[in-house]
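**Student:** The lines below spell out each chain.
There are 2 protein chains.
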Amino acid sequence: MGKIVVLDTTLRDGTQGEGISLSVEDKLKITVKLDALGIPYIEGGWPGSNPKDIEYFQRVQKLSLQQAKITAFSSTRRPGISVEEDSNIQELLKAGTPAVTLFGKSWDLHVVQALNTTLEENLAMIKDTVSFFKAAGREVIYDAEHFFDGYKSNSQYALTTIRAAADAGADWVVLCDTNGGMLPSEIGEIVTVAGENVSVPLGIHAHNDGDLAVANSLQAVASGAQMVQGTINGLGERCGNANLCSIIPNLELKMGDSCLPENNLSLLTETAHYVSELANLAQQSQQPFVGMSAFAHKGGIHVSAVTKNPATYEHMDPQLVGNKRRVLVSELSGVSNLKYKAQELNIELPLETPESREIIKRIKELEHKGFQYEGAEASLELLLRKALNQYQDYFQLESLKVIMEKRENMGITSEAMIKLKVGTETVHTAAEGNGPVNALDNALRKALEEFYPDIKNIHLSDYKVRVLDEKDATGATVRVLIETMDQESSWNTVGVHENIIEASWQALTDGITYALYKKDHQQSTQ
Amino acid sequence: MGKIVVLDTTLRDGTQGEGISLSVEDKLKITVKLDALGIPYIEGGWPGSNPKDIEYFQRVQKLSLQQAKITAFSSTRRPGISVEEDSNIQELLKAGTPAVTLFGKSWDLHVVQALNTTLEENLAMIKDTVSFFKAAGREVIYDAEHFFDGYKSNSQYALTTIRAAADAGADWVVLCDTNGGMLPSEIGEIVTVAGENVSVPLGIHAHNDGDLAVANSLQAVASGAQMVQGTINGLGERCGNANLCSIIPNLELKMGDSCLPENNLSLLTETAHYVSELANLAQQSQQPFVGMSAFAHKGGIHVSAVTKNPATYEHMDPQLVGNKRRVLVSELSGVSNLKYKAQELNIELPLETPESREIIKRIKELEHKGFQYEGAEASLELLLRKALNQYQDYFQLESLKVIMEKRENMGITSEAMIKLKVGTETVHTAAEGNGPVNALDNALRKALEEFYPDIKNIHLSDYKVRVLDEKDATGATVRVLIETMDQESSWNTVGVHENIIEASWQALTDGITYALYKKDHQQSTQ
Chain A
1 MGKIVVLDTT LRDGTQGEGI SLSVEDKLKI TVKLDALGIP YIEGGWPGSN PKDIEYFQRV
61 QKLSLQQAKI TAFSSTRRPG ISVEEDSNIQ ELLKAGTPAV TLFGKSWDLH VVQALNTTLE
121 ENLAMIKDTV SFFKAAGREV IYDAEHFFDG YKSNSQYALT TIRAAADAGA DWVVLCDTNG
181 GMLPSEIGEI VTVAGENVSV PLGIHAHNDG DLAVANSLQA VASGAQMVQG TINGLGERCG
241 NANLCSIIPN LELKMGDSCL PENNLSLLTE TAHYVSELAN LAQQSQQPFV GMSAFAHKGG
301 IHVSAVTKNP ATYEHMDPQL VGNKRRVLVS ELSGVSNLKY KAQELNIELP LETPESREII
361 KRIKELEHKG FQYEGAEASL ELLLRKALNQ YQDYFQLESL KVIMEKRENM GITSEAMIKL
421 KVGTETVHTA AEGNGPVNAL DNALRKALEE FYPDIKNIHL SDYKVRVLDE KDATGATVRV
481 LIETMDQESS WNTVGVHENI IEASWQALTD GITYALYKKD HQQSTQ
Chain B
1 MGKIVVLDTT LRDGTQGEGI SLSVEDKLKI TVKLDALGIP YIEGGWPGSN PKDIEYFQRV
61 QKLSLQQAKI TAFSSTRRPG ISVEEDSNIQ ELLKAGTPAV TLFGKSWDLH VVQALNTTLE
121 ENLAMIKDTV SFFKAAGREV IYDAEHFFDG YKSNSQYALT TIRAAADAGA DWVVLCDTNG
181 GMLPSEIGEI VTVAGENVSV PLGIHAHNDG DLAVANSLQA VASGAQMVQG TINGLGERCG
241 NANLCSIIPN LELKMGDSCL PENNLSLLTE TAHYVSELAN LAQQSQQPFV GMSAFAHKGG
301 IHVSAVTKNP ATYEHMDPQL VGNKRRVLVS ELSGVSNLKY KAQELNIELP LETPESREII
361 KRIKELEHKG FQYEGAEASL ELLLRKALNQ YQDYFQLESL KVIMEKRENM GITSEAMIKL
421 KVGTETVHTA AEGNGPVNAL DNALRKALEE FYPDIKNIHL SDYKVRVLDE KDATGATVRV
481 LIETMDQESS WNTVGVHENI IEASWQALTD GITYALYKKD HQQSTQ
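Read top to bottom, the protein sequences are chains A and B. Quick note, the first sequence lines up with residues 1 to 526 if you use my numbering. Quick note, the second sequence lines up with residues 1 to 526 if you use my numbering.
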């Protein structure tokens, strides 16, 4: 029933997950998004471990964040040297963050076997490192690695390590279930004992190896922890870290605690999907709270009951986390969703007319093929406006040809030829590119520039491709998402086809058509 | 610390999940697999709801199972009619199973709003239906739907419903968190009270809407429940049912209970993957206990510690659940990962020699370009063996050309031409495909088949593509991951390039080269 402080480590521990790799650009974008959600601490990386993280900490200082404190991660100093001699520690200092997360050993086994040092030296390492950063004016979050395993192996020593951190001035002592194998009952018992041993506020950092990371985090809070560390969507090594997308709504909606600024919880679903998009991971549709299926009703009994009273088969109102109810295979849900969307786009959609029914049917067909308009609203807007005869095509394809060629020991070349009709004129041109889609994009722009000079000011800013039904291998359907931008804004379009070039063509032409439509529309309203 | 009875409802509640559909054949195969795992109760379906389930119950009787009891599911009789008049009940009887699962209402809101009947009639429905099946000589598992919500709304009524079932002779009373929103603390408290009110053994049936289904099931057992219902991989409506693949190992390995016959726990991973395969779902690699990444180590520190003592970063021995340790070679990893990997591949890697330093340098360069070997171990193996001169190329590219063409209002066509040198011969051929990569794959196979007839037995089984540094849009680097398989196994390869066709070519040729190498190697060791 209090304020619980959240530390997000998606950018650090989350990137340890298999197949996860984020560019510096991605990490900065996610930082902004987490700040907008209202996460108070964002652990950005481990500056001592790689140059990418060093660059991140330089660039993150230039962002103007609303509330988040950035924290950088490192271990305590190495055995047998001073903090001044330890390059990791010096990199951490240079990162220049207001807070640092220092992890140290609590488990005697680890001290002896993994660090090859003595129990006494480990205590000195903790004390020296915490003191060093406190003297440098930093907030210190001390992560007691393997605290629970350590406690079960040698409780006195484990408690001594966290007392050492607290005595040296750590602002937080965070108890870590690093191997992720604890039961909630063990967490409850050990957190309680730890709370009797140190007077600084405690935190919990859980991993999901036993499928219990969320329950373990909630149990730690119930037993007195005031900070929860975790990641968006539970990204992280092995089975992942504790999933903040489940912990935050449980704390706020079920346990009466508060984590985010008021009204921000409804940004949760959007944030979760954004992180998946940037990490190029499919959002798990079954994911609690934020998944596409989390409030989807399939069974007929459920649907009719939910229509009478949502509480019959929903544990909470999906809007509270920014998600929505979906009634599968139901024309009714289609109309209301579409109506909602059209309103958002300022399009007047005549309901219950043959046109609107036709539009809904068309969208259903396209979604069945794999189109997804959640991340491609410009394509949806074009589809609606076209159906309502609100614009004419700006050009028509007569033919296109893409040729790639590669010879022994030489690079591959890509060329595209394109023939378009623009009004009554025909244009036929060609261009190269460093890949087939790039060549096609270059040829399309080249063909249109003389008719629509504004095209010079727009450019492709993002290109994503995802293979749907992966089991069909190279014969599978491909979805392409493209982001296009001008000086003022950006918009997203989608294409779906078995052939990646056709899918890209659909998204490319939508992206350019949207730019031209937007330009026309602005002029007419000025 | 006792025997916990597991009821698997993958075939009934599991199939309510979005996108899940199992044929009768699939359901029978899964029944056999669950029986082999040692699951004592298998809920096969709802005979009153569809003809497929009726057929299942006819055919399942002909299987000779080792230990599993099959149970069929239905609701209590409808309001206002007798059990004899209720077609659902009659279908359930006809299913001829030794046990039946009957679900009834515990929540006053549901009785009144969803069933449109009175609280008294609901009690009569429970009593009549349970008595009917007991009189017919069946074991009765009574599922108290929404028991926890019902208890929170009207505890006296909820308790009265389960006493009605128990008094009518039910063998089990299973408390259901149908909406999946309970906290473990609530489960513990309410199960305890229920245990004081009925003397038949209790069970738990949890859903995962709060990401707590596993914890809730374990808590119910700790509070006295003796049966756990759930599904393999947590399949089920919305966020799924409680995941038996997590519950069973937690009960057996952490809580000291027993669920399966001795030594059967090691069949768990195989069973989980089998069900995913038949349901045509990708097995979640992060899934606790049974996922591919569940015991995968990426960070260099973790790897060197795990090599010294697995307990340092593993909460249990992966072999106990039939899974295995994997060491990932990634940008975060060091020499120790590579050494471990080479050992696993039976490659003797001379450490601290110019060759090995050259290999490590080469891998780092490739990783910097965007190669990622953690999901492409066959490419890594080829790279190592090539560096150590352990194989020669099976073919050389002279030239390739891919042409895609599209005309107004017509589909897009893709063709590939390819010229290869195989030994002293040259082969020049062409093929079509439904996309450029598919055309290239077809042409490559066609060219090689006459030289290596075994190529007919291998095929591409998965194709993934990811755009790296997306801000460079269509000029960005692309990473392609390909899975190739023969009758016995599958392997993964990777390609990275600005041009998707070049990247695909790299992964395709690695996939085929690996197949040919493997074949040669098998022959030479026979």
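The reader is advised that the hints may include incorrect statements.
Below, a list of computed lysine-lysine pairs in the DSBU-like style, where the Cα atoms sit at most 30 Å apart [said to hold, decoys possible]: (1) B:K369 x B:K339; (2) A:K401 x A:K456; (3) A:K324 x B:K152; (4) A:K29 x B:K421; (5) A:K308 x B:K127; (6) B:K52 x A:K3; (7) B:K401 x B:K419; (8) B:K369 x A:K364; (9) B:K369 x B:K127; (10) A:K401 x B:K361; (11) B:K308 x A:K127; (12) B:K401 x A:K446; (13) A:K419 x B:K401; (14) A:K69 x A:K308; (15) A:K152 x B:K324; (16) B:K361 x A:K94; (17) B:K421 x B:K369; (18) A:K369 x B:K339.
If you anchor each label on the Cβ, the simulated ranges turn out as follows [as the list claims (entries may be wrong)]: (19) B:E85 x A:K308: 21 to 31 Å; (20) A:V112 x B:S266: 46 to 56 Å; (21) A:Y391 x B:R407: 47 to 57 Å; (22) A:P350 x B:L65: 55 to 65 Å; (23) B:N346 x A:E367: 26 to 36 Å; (24) B:E355 x A:I81: 51 to 61 Å; (25) A:T307 x B:E449: 51 to 61 Å; (26) B:R407 x A:K361: 47 to 57 Å; (27) B:N346 x A:K3: 24 to 34 Å; (28) B:E277 x A:Q343: 38 to 48 Å; (29) A:P51 x B:P350: 21 to 31 Å; (30) A:H521 x B:N409: 25 to 35 Å.
Hints listed in this document are in silico derivations from the structure and should not be mistaken for laboratory results. Just so it is clear, the structure is predicted and the values come from calculations on it, not from any experiment. Backbone N, C-alpha and C define an ideal beta-carbon position, used for all residues, glycine too.
**Student:** Now tell me if each hint is right for this structure.
**Tutor:** Quick rundown of the hints versus the structure:
no.	hint	result
1	B:K369 x B:K339	22 Å, holds
2	A:K401 x A:K456	23 Å, holds
3	A:K324 x B:K152	25 Å, holds
4	A:K29 x B:K421	48 Å, violated
5	A:K308 x B:K127	27 Å, holds
6	B:K52 x A:K3	52 Å, violated
7	B:K401 x B:K419	9 Å, holds
8	B:K369 x A:K364	40 Å, violated
9	B:K369 x B:K127	69 Å, violated
10	A:K401 x B:K361	41 Å, violated
11	B:K308 x A:K127	27 Å, holds
12	B:K401 x A:K446	24 Å, holds
13	A:K419 x B:K401	21 Å, holds
14	A:K69 x A:K308	45 Å, violated
15	A:K152 x B:K324	25 Å, holds
16	B:K361 x A:K94	28 Å, holds
17	B:K421 x B:K369	28 Å, holds
18	A:K369 x B:K339	46 Å, violated
19	B:E85 x A:K308: 21 to 31 Å	25 Å, holds
20	A:V112 x B:S266: 46 to 56 Å	31 Å, violated
21	A:Y391 x B:R407: 47 to 57 Å	24 Å, violated
22	A:P350 x B:L65: 55 to 65 Å	59 Å, holds
23	B:N346 x A:E367: 26 to 36 Å	48 Å, violated
24	B:E355 x A:I81: 51 to 61 Å	33 Å, violated
25	A:T307 x B:E449: 51 to 61 Å	58 Å, holds
26	B:R407 x A:K361: 47 to 57 Å	28 Å, violated
27	B:N346 x A:K3: 24 to 34 Å	56 Å, violated
28	B:E277 x A:Q343: 38 to 48 Å	44 Å, holds
29	A:P51 x B:P350: 21 to 31 Å	29 Å, holds
30	A:H521 x B:N409: 25 to 35 Å	28 Å, holds
The structure is inconsistent with the numbered hints 4, 6, 8, 9, 10, 14, 18, 20, 21, 23, 24, 26, 27, although it conforms to all the rest.
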